[in-house]
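Heads up: the sequence shown at position 175 corresponds to 175 in full-length UniProt numbering, and the numbers run straight through without jumps.
I should point out that these hints are in silico values taken from the structure, not numbers from a laboratory. The C-beta atom is built at its ideal place from N, Cα and C for all residues, glycine as well. There could be a bad hint or two in this list.
[Stated by the list, open to error] Distance windows between CB atoms, simulated:
hint: 1; residue 1: 6; residue 2: 229; range: 53 to 59 Å
hint: 2; residue 1: 28; residue 2: 330; range: 44 to 50 Å
hint: 3; residue 1: 154; residue 2: 330; range: 37 to 43 Å
hint: 4; residue 1: 343; residue 2: 408; range: 25 to 31 Å
hint: 5; residue 1: 264; residue 2: 8; range: 52 to 58 Å
hint: 6; residue 1: 348; residue 2: 384; range: 19 to 25 Å
hint: 7; residue 1: 342; residue 2: 28; range: 24 to 30 Å
hint: 8; residue 1: 351; residue 2: 193; range: 42 to 48 Å
hint: 9; residue 1: 3; residue 2: 299; range: 54 to 60 Å
hint: 10; residue 1: 351; residue 2: 45; range: 35 to 41 Å
hint: 11; residue 1: 266; residue 2: 324; range: 23 to 29 Å
hint: 12; residue 1: 198; residue 2: 146; range: 25 to 31 Å
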Amino acid sequence: MPEAFETTITRLGAQGDGEAQGPHGILHIPFALPGETVRLAIEGKAATLEAVLAPAPERVAPACTVFGRCGGCQLQHLAAPAIADFKRGLVRTALAHRGFADAVVEPTLSLAAGDRRRAKFSVMRLGKRILFGFRERRQHRLVDVETCPAILPGLNRLIAPLRALAARIPFETAMVTVLPGGTDLVLEGKIRLDLDARLDLADFAQSADIARITADGEVVLERHAPSLRLGDVPVTPAPGGFLQPSESGEAALVGAVLARLGEGHRRAVDLFAGCGTFALALARHLPVAAFEGDAPAVAALERALRQARGLKPVTAARRDLYRRPVEAVEFTADDVVVIDPPRDGAEAQCRTLAASEVRRIVAVSCNPASFARDARILAEAGFTLGPVQPVDQFAWSSHVELVTVLTR
1 MPEAFETTIT
11 RLGAQGDGEA
21 QGPHGILHIP
31 FALPGETVRL
41 AIEGKAATLE
51 AVLAPAPERV
61 APACTVFGRC
71 GGCQLQHLAA
81 PAIADFKRGL
91 VRTALAHRGF
101 ADAVVEPTLS
111 LAAGDRRRAK
121 FSVMRLGKRI
131 LFGFRERRQH
141 RLVDVETCPA
151 ILPGLNRLIA
161 PLRALAARIP
171 FETAMVTVLP
181 GGTDLVLEGK
191 IRLDLDARLD
201 LADFAQSADI
211 ARITADGEVV
221 LERHAPSLRL
231 GDVPVTPAPG
241 GFLQPSESGE
251 AALVGAVLAR
261 LGEGHRRAVD
271 LFAGCGTFAL
281 ALARHLPVAA
291 FEGDAPAVAA
301 LERALRQARG
311 LKPVTAARRD
321 LYRRPVEAVE
331 FTADDVVVID
341 PPRDGAEAQC
351 RTLAASEVRR
361 IVAVSCNPAS
371 FARDARILAE
381 AGFTLGPVQP
391 VDQFAWSSHV
401 ELVTVLTR
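Take the sequences, apply the hints, and build the full model.
Take a look at the structure:
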């Protein structure tokens, strides 16, 4: 039997949940804000928000009708300036945990909501009813959506047509990416690609204006290349290949990296280069050696380089930087290194950087905790951490990115 309990929220946790002292320890309460008096239903260590008795001044009306059930957003109930402060605090806390309590953390650069160019939808079939949308928070259940305020209008217009397609072709997920060159659709879910299915997909591509459709790893059709420009070079990413979630976020990160390059370098080394987000921008200024572990991403970058004009020389190498990081002897003191690893960070690669002659590293991270761990490795080798710029291109979520420079 749940126990009723009233308390005051003291802070936001790292996942955006309110935290408060409960009868048996710290409680984590989704959708509660610091300073609020709330009534909870407690069952064991779990707490459910029953009512906000005294709301915080930062509380705002959510932008979405399914906020609270859909797992995509955690913070729509919090005003934008408070979200920016929260994310700046996440970066500060992660750095302090690794001994960087005095680090300069700049105000968060917050990008507009509704700007995300990619979404991954899931499908659930309940008899003749099709649920099409996103997973519930920390659940496998599906929230049926008609529209999403976090994504581009071009993505929202495809929700209804994709729901109808799911009634005819039994896919389980649909990843959609809207790019300047066209929309890319990746379907997964043991799809039987017989002649009828292929004809149906061809008709769908025509009616919904889809540039390319991939089903269970097979490119079924490509009407034209779903491309974008990176460093002013046309690039066609691999189906479902990694991209920054928004065009504005990509521009902000590239600008931040270029602003931190410094002078006097003979080469830029781009680690975890993807399909060239930074490498192609860097090549307007310096020769570039790009390293990336994902073969389709490297192939996309190489195709782009064959058509590029006006760049300094660029080499693109496939290399698993977790298993085989670029060794210390492969760097020189004249290199500037740009590193943008996945959420796990780049511990092994940072150890070889620490042992190298490199004197300047521009770091981009989507995980302050793994970045702080890696920065500590570099600091122990003589690097000094520069001002850290938090970047928020995941509106209403608890995720935050950062850009900084380390020098010695």
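Which numbered hints does this structure break? Every hint satisfied by this model.
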